[in-house]
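S.K.: Residues per chain, in single letters:
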Amino acid sequence: MEGAVLAVPAIGFNAVYAVLRFANFAVASFATIGAFAGWAANTALGWPVAPSLLAAFVVAGIVGVVTDEVALRPLRPSGALTTAIASVALAIILENVVRFFFGNDPRGFNLAVYRDWRGFGLHVGPQQARDAGAALVAMAALFGFLAFTRAGKTMRAVADNPTLASLKGIDAPRVARIASFVGLGLSGFGGMLIALDTQVDPLTGFRVLLPIFAAAVVGGLGSIPGAVAGAFLIGIGQEMSLLVLPATYRGAVGFLAILLVLSFRPAGLFGQAAS
Amino acid sequence: MPITRRAALAAGLAVPFIGHARAAAEPVRIGALCPLTGAGGQYGPSMVKVIQAVADQVNMAGGIGGRMFALTVADTQTNPDATVAGGHKLIDVDRVAAVVGTWASADTTAVAPLCWEAKVMLFTVSGADSITKLPHHGYIIRTQPNTVLQMARVSQFLLENKAKSVFALSSQTPFAVDAYSRMAEALKQGGAQAIGQIVYDPHQTSFRSEIDRALAAKPDVLFLGSYAPDLAVLLRELYQAGYDGHRLTYGYAATPKALASLPPAVTTGLWSFDPSPDLGSPAYAAVRKILGADDPDPYSCQVYDHMNLIALSVAKAGQASGVAIHDTIRAISQGDGQPVYDAVEGMRLLASGKAVNYSGASGPCDFTPDGDIESCKFRFDVVEGGHKKLLSLS
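Protein chains in written order, with this note's numbering: chain Z, 1 to 275; chain F, 1 to 394.
Be aware that one or more of the hints could be misleading.
[As the list claims (entries may be wrong)] Under the rule of at most 20 angstroms between Cα atoms (straight-line distance), these lysine to aspartate or glutamate pairs were calculated in the DMTMM-like manner:
1. F:Lys-188 - F:Asp-220
2. F:Lys-162 - F:Asp-336
3. F:Lys-119 - F:Asp-294
4. F:Lys-257 - Z:Asp-105
5. F:Lys-257 - F:Asp-294
6. F:Lys-257 - F:Asp-212
7. F:Lys-49 - Z:Asp-116
8. F:Lys-354 - F:Asp-381
9. F:Lys-218 - Z:Asp-116
The set of hints was computed from the structure by calculation and includes no laboratory data.
None of these values were measured; they are calculated from a predicted model.
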């Protein structure tokens with residue numbers, strides 16, 4: 001279930017990479033912004049979980065588009081590495097903007113906590129099941145968007161072959177804005193899912209940046225099904241590692257997975273081979 | 001005006017005194033290296049406020065023999081890398097005589113070698129035993145009780161509450177293993193048992209597997225060696241897992257804001273412990289006034305003492321270097337001198353030739369040769385309805 005929750009921001013990371021061709025490390029801050037937006041909707045406006053998740057998606061998406069236009073788009077002609085480094089700076093700035101307005105204090109949602117369902121020697125948390133369900137709905141909605149809408153198809157076209165897409169008259173800046181809105185909105189959506197199980201604070205997203213990045217790389221940078229597979233692989237791998245490794249080394253599983261997968265498939269599980 | 005031989009001679013003789021006059025006016029440069037962000041970010045801002053307030057009080061009273069405190073603030077980010085970067089800047093650029101307020105043990109461990117190599121005094125509120133075992137040559141002073149003191153008192157509390165088997169879920173810190181070993185020894189002597197420990201990576205979104213393994217050992221008390229972010233996850237998941245046994249954690253993790261972020265059903269019955277400030281001390285009252293808070297946190301109390309100890313050491317030594325503070329701190333913090341609770345009063349006594357013994361907001365401030373405090377009080381609380389309620393103070 002941890003894998004399902006991690007998959008959402010990992011998809012966001014890969015959606016941005018697929019279209020804009022750079023690793024946007026600011027996904028961590030958009031996850032935090034989504035967590036705060038969802039928290040505000042839940043506690044200040046009294047919204048339940050589902051509309052709060054929608055608020056997390058929309059707010060993170062809008063902030064994502066605005067910051068991309070202002071901070072990252074002017075740097076894109078300088079190359080993917082320059083833009084990726086700028087995204088690290090953007091992440092730090094956004095984290096501190098959140099800190100400036102909300103402080104460092106942890107915050108929680110106005111939601112009851114339920115005991116686990118038990119049976120057959122197993123126990124499942126209702127909240128974890130709900131969060132995993134929400135993650136699956138978000139993934140299904142994204143796949144539907146990419147498969148059945150005109151905007152989604154233009155995104156796929158640009159991701160598959162930017163040159164051909166431009167020859168066909170596709171408006172690249174518009175597609176970039178759609179990709180930023182959807183990708184960074186999903187990061188916000190995932191950030192709220194993570195905060196539901198942990199807490200809302202300026203580091204909510206930063207704490208999961210490495211597993212998100214690991215999931216995206218293992219699955220294949222730019223591949224949306226790959227992000228899902230990578231996240232589940234990392235999530236399940238981390239849990240299974242406890243059978244053979246002390247819990248202290250659980251965080252290293254993501255990097256071990258990167259090492260193993262990239263040794264045999266340099267483009268990741270679902271990534272296209274570098275041309 | 002022509003320069004005569006007599007004027008040139010007078011000017012030449014005056015040169016050494018110009019340097020001396022400038023040295024007398026040199027400020028006492030202090031670096032506040034506090035956790036303004038990261039896991040300790042709930043404490044850093046109030047720590048800096050207290051440090052600044054003591055500097056202002058001393059400066060308004062005329063400084064330390066004419067020397068003013070000059071304060072530079074840096075953020076540890078509760079991260080060893082950032083702490084070392086901040087330490088380098090304070091020591092190499094700002095030329096501080098002392099660094100004050102490092103909070104997380106990993107941060108203090110990382111920055112300590114920079115301090116002792118540069119002969120800069122390091123005043124810390126970190127608790128790991130290993131810190132004062134470093135080869136620091138006397139350049140570390142710690143006002144937080146080490147794990148020996150803490151775990152002796154925690155074990156005593158557990159035994160008083162009829163604990164028989166204790167399992168520890170501990171965040172990965174420099175003191176996690178030491179703390180468990182100390183607790184295991186003390187419990188064994190009291191007829192109880194520490195039955196296992198899992199040291200976890202705190203940057204996880206779930207600890208369900210760790211909790212399953214801990215509960216499989218059937219403990220009657222879980223010791224949660226956490227920081228606030230991971231404590232919130234652990235408490236929620238323990239509740240979900242149906243655990244209704246006792247839970248004990250560090251007071252710095254169970255902060256009022258962290259407790260308020262969780263439903264009361266999840267936190268009710270949680271025990272927490274803190275090294276307690278000296279609640280009856282005038283120095284404690286001064287910290288309350290500075291922060292405008294009825295119950296200031298222990299770290300703000302400790303940095304209040306750090307600054308007062310520095311002021312008194314510099315006043316005693318007549319010099320504002322790390323070496324001077326190193327050489328004189330125990331002459332003003334312990335012994336037979338007249339008890340004082342703030343630097344301004346202490347400096348007045350020192351100026352009149354009297355010996356002083358500083359007692360602070362955090363306790364007596366008497367230090368072992370290693371730099372540890374010799375004793376302090378502890379408070380134990382229980383959480384009810386989302387708020388801490390005092391159980392014992394001794």
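S.K.: Now, for every hint given, state plainly whether the structure supports it.
M.R.: Evaluation of the provided hints:
For the hint linking Lys-188 of chain F to Asp-220 of chain F, the alpha-carbon distance of about 15 angstroms falls within 20 angstroms, and the restraint holds. In summary, the hint linking Lys-162 of chain F to Asp-336 of chain F is not supported, as the alpha carbons are separated by about 41 angstroms, beyond the 20 angstroms threshold. Taken as a hint, the Lys-119 of chain F and Asp-294 of chain F pair is broken in the structure, with Cα atoms around 37 angstroms apart against an allowance of 20 angstroms. The suggested pairing of Lys-257 of chain F with Asp-105 of chain Z holds, with an alpha-carbon distance near 6 angstroms, which does not exceed 20 angstroms.
Between Lys-257 of chain F and Asp-294 of chain F, the direct Cα distance comes to roughly 16 angstroms. Compliance with the 20 angstroms bound is thereby established for this hinted pair. Only pairs whose Cα atoms come within 20 angstroms are accepted, and Lys-257 of chain F paired with Asp-212 of chain F is rejected, the gap being roughly 27 angstroms. A C-alpha spacing of about 44 angstroms is found between Lys-49 of chain F and Asp-116 of chain Z, which places the hinted pair above 20 angstroms, so the restraint is violated. Between Lys-354 of chain F and Asp-381 of chain F, the direct Cα distance comes to roughly 41 angstroms. Violation of the 20 angstroms bound is thereby established for this hinted pair.
Proximity of Lys-218 of chain F to Asp-116 of chain Z is assessed by CA-CA distance (about 18 angstroms); at most 20 angstroms being required, the pair is judged to hold.
Violated hints, in rising order: 2, 3, 6, 7, 8; the structure is consistent with all others.
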